[in-house]
Structures are given as structure tokens and as C-alpha cells.
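Trainee: Turn these sequences into a full structure, and let the hints guide you.
Order-wise, the sequence lines are chains A and B. Under this note's numbering, the first residue of the first sequence carries the number 1, and numbering increases by one thereafter. Under this note's numbering, the first residue of the second sequence carries the number 1001, and numbering increases by one thereafter.
Since the hints were derived computationally from the structure, they do not count as laboratory data. There may be inaccurate statements among the hints.
In the BS3-like style, the derived pairs of lysine-lysine whose C-alpha atoms are separated by at most 27 Å in a straight line are [claimed, not checked]:
no. : chain 1 : residue 1 : chain 2 : residue 2
1   : A       : Lys25     : B       : Lys1119
2   : B       : Lys1387   : B       : Lys1376
3   : B       : Lys1093   : A       : Lys122
4   : B       : Lys1387   : A       : Lys122
Cβ pair distances, simulated, as ranges [unchecked claim]:
no. : chain 1 : residue 1 : chain 2 : residue 2 : range
5   : A       : Asp85     : B       : Leu1083   : 47 to 53 Å
6   : B       : Gln1344   : A       : Thr109    : 45 to 51 Å
7   : A       : Thr112    : B       : Asp1267   : 36 to 42 Å
Chain A residues, not near chain B, derived (Cβ > 10 Å throughout) [as the list claims (entries may be wrong)]:
no. : residue
8   : Pro9
9   : Gln22
10  : Glu56
11  : Ile70
12  : Trp86
13  : Gln106
14  : Gly108
15  : Leu110
Here the structure is a predicted model, which means the values were calculated and not measured. A virtual CB, placed ideally from N, CA and C, is assigned to each residue, including glycine.
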Amino acid sequence: MPTKLITLPADNPAQAQALLTQTLKEDKVLLIVIGSTNIAVNTADRAARFTGAPDEPRWVVRAPQIADVIDILKAIQDPASLVIDWDDTLLIAVSITDVIRDMIDQDGTLPTLVRLQTAWMKAENNQ
Amino acid sequence: MKKHLFLIILILSVHALHGQFLTLTESDESGKIRALNDRRQTIDINSKINIDIDREKITNAFGQQLAHDGNAAIDTLLKTLNLYKTYLEKLSKEIQNYQDLYNEGLASVDVARLDLALKARAAAGLDIAELFSNNERFNQRWEEELSRFSGGTTNDQYRIILRLLSEEIELLRTDLQTKLKEAGVYFQLAAWFTGNGNTTPVHLDGFDDLPPGEYYHFERNKLYLTQQQLDEFKGLQSFFEGMDRSQFFDKIIDAIPGMLNNVINEDSIQTQLDRLISSITNLNTTAQAEKTKVLEQAKKIADGFKLLTLDIKKDVTKYSSGARSSNTGSKTDLLQNFMADVNQVKSQIQTLEDEMKALVSSVDFQTLGAGVNSIKTDFNSLQSLLKRQASDLVERATEGIQIAIYGRKINTAALGDQQSGIETPIGQHSCQ
Chain A
1 MPTKLITLPA DNPAQAQALL TQTLKEDKVL LIVIGSTNIA VNTADRAARF TGAPDEPRWV
61 VRAPQIADVI DILKAIQDPA SLVIDWDDTL LIAVSITDVI RDMIDQDGTL PTLVRLQTAW
121 MKAENNQ
Chain B
1001 MKKHLFLIIL ILSVHALHGQ FLTLTESDES GKIRALNDRR QTIDINSKIN IDIDREKITN
1061 AFGQQLAHDG NAAIDTLLKT LNLYKTYLEK LSKEIQNYQD LYNEGLASVD VARLDLALKA
1121 RAAAGLDIAE LFSNNERFNQ RWEEELSRFS GGTTNDQYRI ILRLLSEEIE LLRTDLQTKL
1181 KEAGVYFQLA AWFTGNGNTT PVHLDGFDDL PPGEYYHFER NKLYLTQQQL DEFKGLQSFF
1241 EGMDRSQFFD KIIDAIPGML NNVINEDSIQ TQLDRLISSI TNLNTTAQAE KTKVLEQAKK
1301 IADGFKLLTL DIKKDVTKYS SGARSSNTGS KTDLLQNFMA DVNQVKSQIQ TLEDEMKALV
1361 SSVDFQTLGA GVNSIKTDFN SLQSLLKRQA SDLVERATEG IQIAIYGRKI NTAALGDQQS
1421 GIETPIGQHS CQ
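Mentor: Here you go:
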């Protein structure tokens, strides 16, 4: 089964922005992973294993260059103010209605699979 | 002269209540029945005695002396089991709802509806996760299950949570069984044979092996259930017994054809066999008789292998979704049949392996001359390959079935000791 992981281009801001915008517009439940560290890459891969069937709404996006897409990210609704500092954020969980419902920060450790499950569930719970 | 037994009833109480909750009747050889009402009775040695114990009367009689701690522990247990039951039902329902939606085709479902279904399912999952957020075992098991997870749907991930919850329920139920066993009243009954001026104790099965002295006082930390609590437990037990495990079955049953398909690396074994046979055929040797013998046996093994692959193909068809029925009862049968088929395949492989071993040891490789060592080596490696694949097959099949039924691999030796119902320690006994 092909993985539902979108890696935004690292060297083409316009394309990265367009792709992220488009993906957000679609009816998807997203885990957006930020950065290019080993942890970021591994987290994106691990999260992608739980995206389910191709026609299910879960997808993973990894943004290797946060600077390119930071404006779009900042514009995503965050009513609970889960994101404190984008530079310290490893992953956000975005619901199907484009609201941030969970955040995992960068603390030097790889999030456990259980933690990722919780992120997926919080995104789906959408509240 | 008739021999008599002195029947002495020692009762777990300072009250002489035996007349109220113990009913003894004697039926003698001629079938005549009489009630035994005195504390000390002589009865005919050839009679049968029936001892009827009225549990309700006992529980009521001793109701005032229920240990308060014990009661609280039982209530907590009851509350927890009821909670687990609620969560189990909720998540199962939402998994099914999402499944129904999915079967409609998610692309055609409107976002608001999809959002609701996702939300309901996720909320149920999060509730369970929250319940066990401080439970190390639960979270370790969850991490384990997730690390083994590959492919599948989001529902499959939620089913993992269901399985883990059912594991927790099993653990509690064991706890419950223990507590129920402790809840009860114990009797000691003793008998002596008198004759010729002697008194000899007579062993009564199940009645005289309690440690002496126990019947003179309650153990205050024992737990006594009221009938209502007992009924509630029984209700929960039968709910959990009847839990629809078919949803756990689906994935493993779908995996069976794949498992069978992959068990034997048919192509590589076939290739090796073909190569072997052609090496033997092309062997330049003067020992023609020996060569013919080897060739024949090798061909026989090759035919055996072809039969095996045909049987596996038949099994694959048998277990593919088209051929299967869908209710829980036949799913259990299906798994049992599957195990039987797996064992059949395994023993066919075993036979091939043995034939190869026999062939290698019977062939006079010296006579056949040069070029023959590589043939011998090839046979040996084929043999070990088959042996490995046979044991892999059984191991993976067993594991798969255990996961399907129990949600985890189990210690099968321990499983053999488990009882399926509630046993009260008091029941009807008869002795003679």
C-alpha cells in the first residue's frame, strides 16, 4: 500500500506553499510534521503507517523548511493555543475542519507510537 | 448386626442453625427416605445420605457480619467492570458505524457526517486511553501492538484498543473469580465408625480436609456477597463471555490465505528440486543402478512436493473471503479447521523432509563418484529449508489464531486450567 505521506519540496517555496494550501483545503485529517531532523523524518514515517486505507481521510505532511510555509501554518485555526512556539513544534494534528487539535513539541525524543495514536485520535475527535 | 456410622455435624457457627440451612436425608437400601434432624445421628452404613445446603439462608443468616472492607472491594470491582463494559460497547458501536460509512464510500459522504463519525469513534478511543493513561502494562502492550501494525485501516487501529481493553477485562475477571472463591461459608462434616467399642474416623470426600479450628470463627477478611451482588456479577460474566469477538476475527481470517501462500517458498524449492533432478540425470557415472535409484526417489520427492503445493492452493481457496461464512460460530470452527489444515501441511512437509533424509542416507554416494557431493549438499539444504518453513508456518498460524481469539499470544498451558463459569463453594453433596 503506498504511504499517504506528502513531503513538501525543500527548495521551492512557491510549490511548497501551493501544495500545503491545497492539502489543507481537501477534506483530510492531517498530521503536519515540521523540519528535517532525524526525529522529524522518522516521526513522519511512523505517523504515516497509521493513515489507514487510501480512501480514508488521514494523511501526513512533512514540511522540511518551516520558513517557506510558516505563514500558512500560522493561519491555521488554533483556538486552544496549542502551539506556543513554531520553532519548538515538531508536529501539529489538524482536524478535517482545519483546526489544530494536538501539538507535539521538539524535546529531542522520538514520540512513541502511542503518542502518535493520541494525536490522530485528537485530530479526529475535533474538539 | 447392623453396622452404624455416627454422623456428627460440626458447623461454622456458634448458633445451632443446622436445622435451618442444612437438610440431611437418609435413603436406606430399600429406598426408604427419612430426614435426619438430630445433631448426632446413627445411620445405616449402607444408606445414602443427601446433604442439601441452602445458600441463601446462610448468606442472610450471616449477612450482619459482612466484612465492610470486603464489600467496598467488591463494589469497586463491580463499578470497574461495568465501566469497562460501557466503554467496550461504545467503541465497538462507533467502529461499526464508521465501517458502515466506509462501506458507503467515504468520497460520497459529506464532510459533516464524516466529521461526526470520526469524532464519535475517536472520543470512545480517547476515553479508554484516558482510563488507562497511568497503566504501564496497558500502554506497553499498546506500543507493542502498534509497532507490529502494518497496513490495515483506521478501524483496525481502534480494534487494537478494543483488544487491549478485553485483556484488562480478562485480568479483572480472574481477580473476580478469586474473590468469589473466597466468598463463601465452609462446613466441616465428620463421621466415625463405631463398632466393637472402637471409634474410627471415616473419610468423607471434600468434607473433612479443612484445617481444624477454622470452623470456630469467621475469617473477617473473607468477602461475603449478597445475592444481588452475585447476580450482578453473573450478568457481567455472561456479557463478557458472549462478547462478540468476531470483529477481532476479521483481520486474521483475511490474513490466512496470505499466510498459507507465503509459508512455502514454492518457486525456490521447485527450482532447487528441478536443478537437483537434472544434476542427477546428467551425472556421469558407471553406477547406473545406483543413479537410477537416486533419480527415482528424487522424482518421488518432487511429486510429493507438487502435491503439497496443490493442497496449499486448495487451502488458500478454502479460506478466501468468497468461500467463508460470516457468523461468529462458524468463525471459531473456521479457525479450528484452519489449525487442522496447518497441521496437515506441516506433517506433509515433515514427510518430505523425512524422505529426503532417508534418501541421503541410503544413497551410496561413493559409488556414484565425483560431482555427487554438491548433490548431497543440495539435498541437505533443501531438507533444512523445509523444516524451517514448517515450523514457521505452525508458529505464525498459532500466533495468529491466539491474537484473533484472545487479542494476544497466550500461555496455552495456563489456559487449560481456566474455568468458564462461576463456581460457588457450596453445593449438593452426597456421601455413603
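Trainee: Hint by hint, note whether the structure agrees.
Mentor: Structure-based check of all given hints:
1. Lys25/A - Lys1119/B: Holds, because 19 Å separates the two Cα atoms, which is no more than 27 Å.
2. Lys1387/B - Lys1376/B: 17 Å, holds
3. Lys1093/B - Lys122/A: Status holds; Cα separation ~19 Å.
4. Lys1387/B - Lys122/A: Since the Cα atoms of Lys1387/B and Lys122/A sit roughly 48 Å apart, the hinted pair is violated (cutoff 27 Å).
5. Asp85/A - Leu1083/B: 47 to 53 Å: 39 Å, violated
6. Gln1344/B - Thr109/A: 45 to 51 Å: 49 Å, holds
7. Thr112/A - Asp1267/B: 36 to 42 Å: Given about 40 Å between the Cβ atoms, the range holds.
8. Pro9: 27 Å, holds
9. Gln22: Holds, since 16 Å exceeds 10 Å.
10. Glu56: 6 Å, violated
11. Ile70: Correct as stated: the minimum Cβ-Cβ distance to chain B is 27 Å, above 10 Å.
12. Trp86: 25 Å, holds
13. Gln106: Its Cβ never comes within 10 Å of chain B, the nearest being 21 Å, so this holds.
14. Gly108: 19 Å, holds
15. Leu110: 12 Å, holds
Comparing the model with each numbered hint stated earlier shows that hints 4, 5 and 10 do not hold.
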